[in-house]
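Can you join these two chains into the complex? Each is in its own frame, and there are hints to help.
Protein chains in written order, with our numbering: chain A, 1 to 412; chain B, 413 to 698.
Just so you know, these hints were derived from the structure itself, not from any lab. Take the hints with a grain of salt, since some may be wrong.
With beta-carbon atoms standing in for the labels, derived distance ranges [what the hints assert, rightly or not]: (1) PRO667/B - ARG42/A: 54 to 62 Å; (2) ASN344/A - GLY462/B: 36 to 44 Å; (3) GLY561/B - PRO78/A: 36 to 44 Å; (4) GLU608/B - PRO214/A: 38 to 46 Å; (5) SER64/A - ARG564/B: 48 to 56 Å.
Keeping only pairs whose Cα atoms sit at most 20 Å apart, straight-line, the calculated SDA-like set for lysine to any residue is [what the hints assert, rightly or not]: (6) LYS255/A - ALA571/B; (7) LYS543/B - ASN269/A; (8) LYS255/A - GLY545/B; (9) LYS661/B - ASP254/A; (10) LYS357/A - SER376/A; (11) LYS661/B - LYS357/A.
In this text, a Cβ means the ideal position worked out from N, Cα and C, and glycines have one as well.
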Amino acid sequence: MHISFLIHNAYGIGGTIRTTYNLARSLGEQHDVEIVSVFRHRDQPIFDPGPRVRLSHLVDLRKSSPSYDGGDPDHGRPAEVFPVTEGRYKQYSALTDRRIADHLRSLEADIVVGTRPGLNVHIAREARRGPVRVGQEHLTLSTHSNGLKRALRAVYPRLDAVTTVTEADARTYRGQMRLPGVRVEAVPNSVPAPGLDPADGTGKWVVAAGRLAPVKRYDLLIHAFAKVSEARPDWRLRIYGGGVQHAKLRTLIDKLGLYNNVFLMGPANPLDPEWAKGSIAAVTSSLESFGMTIVEAMRCGLPVVSTDCPHGPAEIIDNGVDGRLVPTGDTDAIAAALLDLINNDELRQQMGQAALKDSARFDPSRVAGRYETLFSELIGRGGLRGSLHRARGSLIGGAFAAKDSLRKVRVA
Amino acid sequence: MSEPAEAAPARADCVADSAGGLTFHIADWARPAPGGHDDWSGALVLVRRGGRDGPDGEVRLPLGPTADGGLQAALPSTVALPEGRWDVHVAYRDAEPWRLAPGLNDLRSLVDRRPGPSTSPLSVRIPYATKHGNLSLRSWRRAPHAEAGEIRLEDDTMAVRGRLHRVAYPSEWLADAVVEARCRGGEAPVRTAPLEVEGPDFSFTLSYAELARTWGGGADVWDLWLRPADRTMAPARLARILDDVADKKEIFTYPPRAVAGGRGEALARPYYTRDNDLAVRIEALV
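So that you can see chain B by itself, here it is in the shape it has in the complex (with noise of 0.2 Å):
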């Protein structure tokens, strides 16, 4: 009943610097053909999940030798890579690619991150397991980054705190900025509340009532900005992406708060979505 093991997948270790940057290291890889490294043409195939037809769907990195005889390929912060998720394949020649599976994930240097100044866009890799055991990217590139911290709940508000990145001059660009929450899907018009500012530190409260008033019996969701005084200027997503989190929705979580809302009593809460952006969700009690 014995039976020789089966080929396991090949699996890839991933290093993150502080920069946003990730290398990735293939320690038990059987090379196809023997020869030197002249004839060695491996890469790395990112592949954009539900666009790999597209114009960016694919990013190629080289594959090179380490000393230690593995293979190592490396994901600077300075190539573009756009928002999504990526899935990681190892390819040889005309091959077709194939997934690779995670190894060891040492993105000690993501936690608690606090990128420098500096205006071009904010790159943002995490790896991950998916579910079903493969090695995929979630990435971010944005420009400004309004990045959300602490948030308090009050009986009837909630309270944020954080910070913009990747504006010339924070204050001045926070300075008459508000915050602003758009009904998702909605005709509901815009809700804004004043900003307070500390150089690059903001916060704000919202009032729960104020968003549950045009509240029709649904689920009303209100993705949240900040919107700069200059209507000419890009507004900032208010979201969470600066640590080693992949997935925020179900991790970070915040109780439920009852409002009296248009359609009678609601409950209101913030929440991540599937992209880690912040919102806040108005539905009925179950």
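So here's chain A without its partners, still in its complex pose (with noise of 0.2 Å):
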């Protein structure tokens, strides 16, 4: 198969790329895989694809490249195909409109795949006849604005699959999109098998590491590490990761005296290094699109302590088996969790042997194997079948896209 994935920048830092480069990768073993990055702002990227993956851009924006297209009249024109209540939208303009237009009118491949929802838009309204169109999802369908869901409802229809990475999501897009003939499947992200020996469970150390961003609710940890301490002052916390809650947590830390048990370390990149030398992960977010981090720290052999949040972690997390799930926000059932693991060594081996065992589904290789079986489906049902859908789909499409419009004059 020739599978040609589109992403808004191939050469960033995050967790759509990773697992990007991480499925692109796997399936370069055996399939002939391109990255089409919309943007490039830096000669080398992050993540290594690998190989056998090819990577090309379609708007260059390093100042110093000959290439450079900052400069085009266009770049300063607003879009009009990529969505305007698309998060990104802001980035996009008339020059992506044309170049990305371009790029898929004449994409010789047989699955194109779009990695957020304005390329999806994009893919579902101007790819060629011919390559399978798939629209990955990589936040919720419930995260996204109803201005959004409007747009996608429009033309989700012209495409062949949509993927999710979590069942519950899958589940969401069935019940609140119409998507007449467009398979919705549950894929989850894939997680490397980590370059180095998983933890041994000795350390008496409780890793944490994500974006201090408020829907990370370090400050729950915190405060659940304050009664964890005054039980077992010798265990310690670790929160790696940068970003705008900085200054409250380290604030909160000080307040509750704690700054001889937990330590903001700042971002690390690789994470598996320092999750190794945890004993036991904790995630208190209120919201998980997926869960890389559980993923990441089981892979390391880490028992994980988790919120019972939407959408990932009960999909990741066998509880009590092999991590604990409790409830969103509450402080005292993650201090508990966290003491269960920690009072009892023999649990928290068991349970970190199961985890490194567990996670192995989440390997590429196994998340590609999906991958491809879906493709090669969505390839099988191709032909007649495949046109009349989408013929179907697009006239649906446009007459949810006529129904947007009207609703548009009547807000004006």
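The following block contains the structure:
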């Protein structure tokens, strides 16, 4: 198969980029795989796509580059195809509209995969007849604005498949979007095996990692750790990551007198060596579209104590077997679950072993295998049925588009 | 618009052992010349930042092939590496050395490190990624060494616990020793406080008011040392170096306390310097 990914910026750092590289790299062992990045702002990508995956870009934003596109007048004109309700809209332009359309209209591939809603819209509207069209949802439908949901509802019927990272989100898509003939399938993100030995579970460290953003609720974790420290002052907590909450969390640690117990470590890349220093991982978010850090920690042999927040944690952790799920927002429950594992060396070791074993299902080879099956089935159902569905989809899409524009007029 | 991938910099994985030794492993190495190992003359070159041309400015470690087709070099704890920052390069024959990028640094054996008894200098080398994404090492070499541990803050005092390393008889060394605060660059006298000692472990309490007494409105920095009763013996600098954190300053931080000083109210707080030495800063309220 020739598989072509379309991504916002393959040269940046972030969950979608990392997971796309993992997937592309694995698929690249058997198939012809390329990653097409809408933007390029640096010479070298942060993550390594491996030797077999081709990387190219559509708009060059490197000022030093001879093919710099920032001076193109269309770069300053607003986009019309990329939806205005998409979070990245401001970065898109008449230039990206044109370059993406040219790319999609000339693309010789069996499968084209979009990696964010705005790019899925481009694919649904502009990909030439032939390639199977797959739109990936890396966040969740419920976190999109109503405006974006309407925009997606208008054109997603023209996709062949929508993939989500959790079953929970796939159910939401099936329930809230009318997508006749479009296959909606949950395929989790992949996490490769770490390049070092797993944790041995003897260190007295709890480790957490992620952006220091309000949604991660590190304030809850710090409050919970105050209770842990009272019972077990020999155990300490490291929180890796940077972000807007740094000063607030620092103040909280100082106010609670936890400056000998809780440490804000700053960003770390790669994270695996940091997980390997710990014996328990903690996630106290109020929302996790997937829960990449949970899988990463498990792959390093750590049992994870996580809030049972929407959407990912409960689909990753087998509660009581390879980790613990506690009610979202419940400081006492987080502290109690951490202390259960801290106070029982055998249980902790056992859960760590189980985490290592159970998280193997997220290996890129296994996840790529699921995509491979999906892609083959979509190609197989192609031909007449595929094009009929697409024709019907575009009619429905057109009807929704008309309704959307009416609505816009009314609102105005 | 597609173009061939540019050559990525070679990366070195680094494994630390609990004695202070490091092993570097380069996996993605394209050998410059084929033809067996005989013509191999690669080296890992550590260049001391700011002291390249000095007598101890460069350390060359032979790179040898590994079973998995990579290259490996070892920096045992017994190789004396003077204190400082060392940039890690790779060199082949007479070619100008080029920088290595960090790969996976497996430093788990450094976390909560407890070195064994010995009188030879304590070697600490922590690999880290520089802000430009290169591989460097932070090195310390100390005998004696006073490792700072937990710091408890009360309204106007700080209580520090620690452990003395690399003297023959720690409890004898510590008997009648004091903690000495020396004001950096100033004329202020040295302040001392007694130690409580249990084997190699010690603790002391410093009064902020005492340090702030001579404060003149600027920023006073007090460096902390343990001084044995016998003045002919070398004092031990208080520092925190027995773990995997190369730069403590931004990570091990402590809340400031208001204290009455010679020129009105000041803020006092302990902090770790760029060399991970423990100090106390007295400065104006902001």
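Exercise. For the pair supplied as a hint, LYS255/A and ALA571/B, is the alpha-carbon distance within the 20 Å limit?
Worked result: Satisfied, since the Cα-Cα distance of roughly 18 Å is no more than 20 Å.
Problem set entry | Outcome for the supplied range 36 to 44 Å, where the beta carbon pair is ASN344/A and GLY462/B | About 50 Å separates the Cβ atoms of ASN344/A and GLY462/B, which means 36 to 44 Å is violated.
For this session: Given the hint that LYS661/B pairs with LYS357/A, test it: the Cα-Cα distance must not exceed 20 Å.
Result: At roughly 38 Å apart (the allowed maximum being 20 Å), LYS357/A and LYS661/B break the hint.
Exercise. Does the Cβ pair SER64/A, ARG564/B satisfy 48 to 56 Å?
Worked result: holds, 53 Å
Exercise. Straight-line Cα separation of LYS661/B and ASP254/A no greater than 20 Å?
Worked result: holds, 16 Å
Exercise. Are LYS255/A and GLY545/B close enough, with their CA atoms no more than 20 Å apart?
Worked result: violated, 35 Å
Exercise. Could one say that the CB atoms of GLY561/B and PRO78/A fall in the range 36 to 44 Å?
Worked result: With Cβ atoms ~58 Å apart, the hint is violated.
Exercise. Given the hint that LYS357/A pairs with SER376/A, does the C-alpha gap stay at or below 20 Å?
Worked result: At roughly 28 Å apart (the allowed maximum being 20 Å), SER376/A and LYS357/A break the hint.
Problem set entry | Cβ separation of GLU608/B and PRO214/A, checked against the hinted range 38 to 46 Å | holds, 44 Å
Exercise. Range hint 54 to 62 Å: satisfied by the CB atoms of PRO667/B and ARG42/A?
Worked result: Given range 54 to 62 Å: violated, Cβ gap about 39 Å.
Exercise. Does ASN269/A lie within 20 Å of LYS543/B when you go C-alpha to C-alpha?
Worked result: The given pair, whose Cα atoms are some 12 Å apart, holds under the 20 Å limit.
Taken one by one, the earlier hints fail for this structure at numbers 1, 2, 3, 8, 10, 11, listed in ascending order.
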